[in-house]
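Enquirer: As given, the protein sequences belong to chains A and B, one line each in that order.
For the first sequence, this note's numbering begins at 1 and goes up steadily by one.
For the second sequence, this note's numbering begins at 595 and goes up steadily by one.
Hint data in this document are derived by calculation from the structure and do not stem from the laboratory.
From the three backbone atoms N, C-alpha and C, an ideal C-beta is built for every residue, glycine too.
Each hint can be trusted.
Just so you have them, the derived chain A footprint on chain B, three or more residues with Cβ under 8 angstroms: (1) 775–784; (2) 857–868; (3) 886–892; (4) 1138–1151.
2 protein chains.
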Amino acid sequence: MNDDVSVPRLLAQTRIASIALSAGGFRLVSGHGLKALDIAYETYGTLNADRSNAIFICSPLTTDAHAAGWHEGEAKPGWWDDMIGPGKAIDTDRYFVIAQNMLGGCKGTTGPGSIDPGTGKPYGSSFPKITVEDMVHAQRLLVEYLGIDVLEAVIGGSMGGMQALQWSVSYPDKLRKCLCIAASASLSAQSLGFEVIGRKVIVNDPNFHGGDYYDKPSRPDGGLAYARMIGHITYLSAVAMHQKFGRNVRPGAESTDLESGFQTGFEVESYLNYQGDAFVKRFDANSYLHITYAMDRFDLVSRHGSLENAFRNASAEFLLVALSSDWLFPPEQTRELGKTLLKLKKVASVAELHSPHGHDAFLLEVEHLSAVIRGFLHQPALNAPRPLPKRVRNGGASVEFDALAKLIKPGSHILDLGCGDGSFVDALFWARDVTGIGIDRDLHHVVQCLRKNVPVLQANVDHGLAFFENDSFDYAVLNRTLQEMKHPRDVLREILRVAPRAIVAFPNFGHVGNRISLMLRGSMPVTRALPHHWYDTPNIHLFSLDDFRDLCKEEGYTIEKLLCVAKSGRSKLLVALGFQNLGAEWVVAQISRG
Amino acid sequence: MNDDVSVPRLLAQTRIASIALSAGGFRLVSGHGLKALDIAYETYGTLNADRSNAIFICSPLTTDAHAAGWHEGEAKPGWWDDMIGPGKAIDTDRYFVIAQNMLGGCKGTTGPGSIDPGTGKPYGSSFPKITVEDMVHAQRLLVEYLGIDVLEAVIGGSMGGMQALQWSVSYPDKLRKCLCIAASASLSAQSLGFEVIGRKVIVNDPNFHGGDYYDKPSRPDGGLAYARMIGHITYLSAVAMHQKFGRNVRPGAESTDLESGFQTGFEVESYLNYQGDAFVKRFDANSYLHITYAMDRFDLVSRHGSLENAFRNASAEFLLVALSSDWLFPPEQTRELGKTLLKLKKVASVAELHSPHGHDAFLLEVEHLSAVIRGFLHQPALNAPRPLPKRVRNGGASVEFDALAKLIKPGSHILDLGCGDGSFVDALFWARDVTGIGIDRDLHHVVQCLRKNVPVLQANVDHGLAFFENDSFDYAVLNRTLQEMKHPRDVLREILRVAPRAIVAFPNFGHVGNRISLMLRGSMPVTRALPHHWYDTPNIHLFSLDDFRDLCKEEGYTIEKLLCVAKSGRSKLLVALGFQNLGAEWVVAQISRG
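Just chain A, with the same shape it has in the complex (with noise of 0.2 angstroms):
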């Protein structure tokens, strides 16, 4: 927050750009062109001497060009200052950041309440019918107007998100990056369906007169104000409604019970009621009804046959964001958005927020959501070896670096499971030229392998490894032991599905230090490798090297290598003789399909 008046605050100021259209105008998707397009940005920050340092916000829904800093005068900053400013995620040292009211907003941009410079009265009915594609286009438009080719980064949350998706969809050499947070490549049905119902309530107000109602003396408010309550819902979580509302009474209600219409006193109401008026001020009924017909029918998979089909070309590095009690767009979208790069081989990373403000946490949560975008935003360069680490963690065991690394060949394409902090792909990077992607499903870790250059995927083992097709990668590591999983056998066969070779690790049960316990003491052991109390352990499922090596057999693996770590004089010399099976504390396999 900038609140704070020892920190200087960031100016802003609203601009026009007038853009210079040919003879045919600012030509839509439907054929329809505009005669004239005006729009208005802000930027923050310092555009550098090769012009390459430009970020692109695009807008959410209702948003106007005002996003960071303050304007002259002005009692609140831009609606995503927590975001954009000096030091802060998308920081203004660092880059030039765009922003802009969209296309057919009221704040500016030309939009059905503009002045129409065939008639010179509003467009209102006449406004033809714009697409996402359309949006884009003209903030294209807009970069070219500020002498920017490249950009750096293409960021856009809600619908915004949708902008983000349709930049590199259009423009797919335009920008180094894609950030898309909270949005999809088309709205659910049961999305779609509220947003249906709002546009009904405007297009049937009183005050709509088919929307042209400029020249009258009363707005289609009510049904402004309606359509809005509806979308507020679906910005909140049910979770979040209950703690902010629950059933309360506002204060100065006496009971929920008001007998005049059929008002009642519940707080959530008067919520409503504010948020509806706070909105019919600030917002036009034909820019809502426009921007939201144009979300609404966004749909890369209905314009381009199919997902695949839409990113085929596109070369942006993506970070998609989903947050997990949006419903207004559900993670499950952005899951099935990330599949798809993937499966496209596209430098693609997902991240999953936990956070019970539902898609508004989109605004609302800054600090994990500045984690994920600085860490996506300031990686450093590829051309800048780091040292490499002498041991690395596999499982529970810290293993040589050298010793695993030699197991993956030069060149490969690699899926580290439970990658922890990214160092191992970074250092395979380096010292053997494999690229490879981790899955994480803690935030921190996934923050630290976007800051280390590496594609991540924030999700379970299990889960995650459902984003990827047959043999996306050579060599599948699971850095996180099997006995955790909840059904080793399952996940041995999916790591073998997506790729021809795995390393897995584990503890071997069948160690002598185990099995004295057991026979001797008649007691669950607790060692080295097996630290855990048997009623806190996380290995759930424990087994031996050779209960190993009987099910590569049953399901047909060949185990290729395998190393045999053991700490004690003792186990070594039981390895050396040739007993695994006793000697081996922790075991590191490398195992093929067949």
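Since the structure of chain A is already known, use the hints to place chain B on it.
Expert: Frame of chain A, contents of chain B only:
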């Protein structure tokens, strides 16, 4: 379904009961009175001689009295014909079933569209606000009108479930069973939000005229249709909408892009249009306002100070049914209600039907809903003893019933975790005068419990324990093995929170056979007591009897009794010699807190 012409159709007919009122009329909670009260109703089946077989069906939001059977010449049967009829779950061969149109409705029962005897005109805006309590009061008068005192059961789904709850609160001695499906003691904030918007849209329809539109040429059909559309989305689940509509374009529409107004060609829009249009033909806007208003303000907590207070005097047996994907009345609310009833020591069962159909599942999941309703209604008499079993399963072992029963003091109250078909609790009832509640996650088992008169909660063991306060029972029996629990120590703690004593079972990993398997063969044992392979065993936390002893010591539990189950001669001998940790294949232990 009754479509088969060879099955004789249950003929139905709606009648009007004109309730005789005292001088003050029908007195409402608000203090207002209605001068006349008509109630439209239907009955099915035959009232028995002692008038003890009557079942009352409460009304969901917009249904009429025609719940079952066929009206002369009608194409469709009543709205819950799947459930009510000869041989069906609510069996008209056994019961006399009463259905009705609720107070405030528009299908024959007094409502805002009825003629006010004082003016000779429709009530319209002068119709007083009503509550669920008023509705149930009217329902009680109808039951008396039909010459019935005590109902065998009151059954309601959705808003009808709220009415069923209200019955048990308002008239605790007038119903023996209360079945509440997909409802709660109050609406959630999210559901309230949608309701509030729906009413605003109606009240602001230009044809609403403050509610006095009955003599006008047009009715507020637009507003009513949109309110209904909002409602319809809340009746479905996101998954159901995805499966039903996805982003499909309706037949006949070229694309999703219809340039007339802001209509789309999406199937979901056609569906909503259809639902809206059909609804305005059959329903009155004022009725919708009054009924939803009553539903929104229904809140047993605010009315009685707490849920405990509300149900303190209730004496019915309860069955609460939640629907897994219902987000209008989320299962969490049903669990809360169940928790309260159990805290108050009421006889209550909770089922949670798995369904993708959202709230509508209460109309669609006919098979599963029929099974639980049938189980709940058709219970055996408690004075007809059944033969006792010889052996019962406890965990994976089959144990002599007598040995297990002897651990439990006669007359005690027990919790049976993982209760299966309820036969253990049932047998203890007959053998030892023990009462008990079962927990099981399998619907089939839940139904079997209900049919044995064993109250049951459909839940996992861990979730199920959260239903109960400290010391709710004399004993808790863990009828699944401790090894299968994710967090066995925490489960033990929870078990000994809800009861001072517990009976738990587990296979002893310290058994001589297991030790030898690991010691000599170096592989995980597969035995009678541990019959699974390591990779697909449900036993995720193996431990020996000694390990268990150590844990009990650590936690401060006393092992009061041990049943060591041994099959082979060698094992039996070891146990007899006192080597329990070597000899016992299975252990059943009775432990206590201190």
